[in-house]
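If you want this note's numbering, it's the position in the sequence shown, counting the first as 1, plus 1290.
Careful, some of the hints might be misleading.
Unchecked claim - List time: in silico DSS-like cross-link candidates among lysine-lysine, alpha-carbon distance up to 27 Å:
{"hint": "1", "residue 1": "K1296", "residue 2": "K1374"}
{"hint": "2", "residue 1": "K1421", "residue 2": "K1298"}
{"hint": "3", "residue 1": "K1438", "residue 2": "K1421"}
{"hint": "4", "residue 1": "K1423", "residue 2": "K1298"}
Honestly, the hints are just simulated from the structure, not real lab data.
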Amino acid sequence: MGQSIKGKIAYITGASSGIGKATAIELAKQGVHIGLLARSENKLIDVSESIKKMGVRSQYETVDISDEEQVDIAITRLENNLGKADILINNAGISTYGNLDEVTSSEWKKIFHVNVFGTYHVTHRVLPHMKDKNQGDIIMISSSNGLKGTAGSTAYSGSKFAIQGMAEALMQEVRPNNIRVFTMNPSLVATELVFGNELSEKNEDKFMQPEDIAEFIVSQLKLHPRIFIKQSLQWATNPF
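Throw the hints in and build the complete structure from the sequences for me.
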């Protein structure tokens, strides 16, 4: 038997679009209250209103997760208005593609500040409550690029390899606190991050959709608390 996640509170970064938005909606269907974190307020408002129509509570905060002070303020507001997190989904990320000698140092720093330090900032802020409660779930959305680097993605792959190491170590640190750390590594997903302006319905049959990953996330969270899948890799069946 698995567990019900109804009534739990989840914080999701990068929640205004793509995997974050799809996961927020899928969790809301399960009766989970949702704290939304992202930079785009207009998109956050739309997602939050959609979630509220499902009969659960929702609160959004605009935040640049690379800024630790902004993260602290945003999480404090979520805790005061929604409640403290039972589930944290670290989904926010950015990418710049190009060979190592084509990507500037400022672009490298920006990617690491968001993808790595941003993940640290949010997790560091939420973790103490989970440890006090002696229970919690943390999902790291990494990438297949975090398991195998590919040409033209040195900065992005480097940041995702860093997430792998962070998640692996964190998992070992918090298991004694009954906190599960899941690392998910999707390959190509039809999101704006991957396809940009070329995102269209034409991608639906060939590439994974955000909703596919969202459904997988829910299935992991509903596992019995005594078990978790430490790392998983999601591939499209036939993207060719």
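Hint check:
Taking the CA atoms of K1296 and K1374, the gap is near 15 Å; set against the 27 Å cutoff, the hint holds. Proximity of K1421 to K1298 is assessed by CA-CA distance (about 16 Å); at most 27 Å being required, the pair is judged to hold. Using a Cα cut-off of 27 Å, the hinted pair K1438 and K1421 is violated, with the two alpha carbons roughly 32 Å apart. With a C-alpha separation of about 13 Å, the suggested pairing of K1423 with K1298 holds against the 27 Å cut-off.
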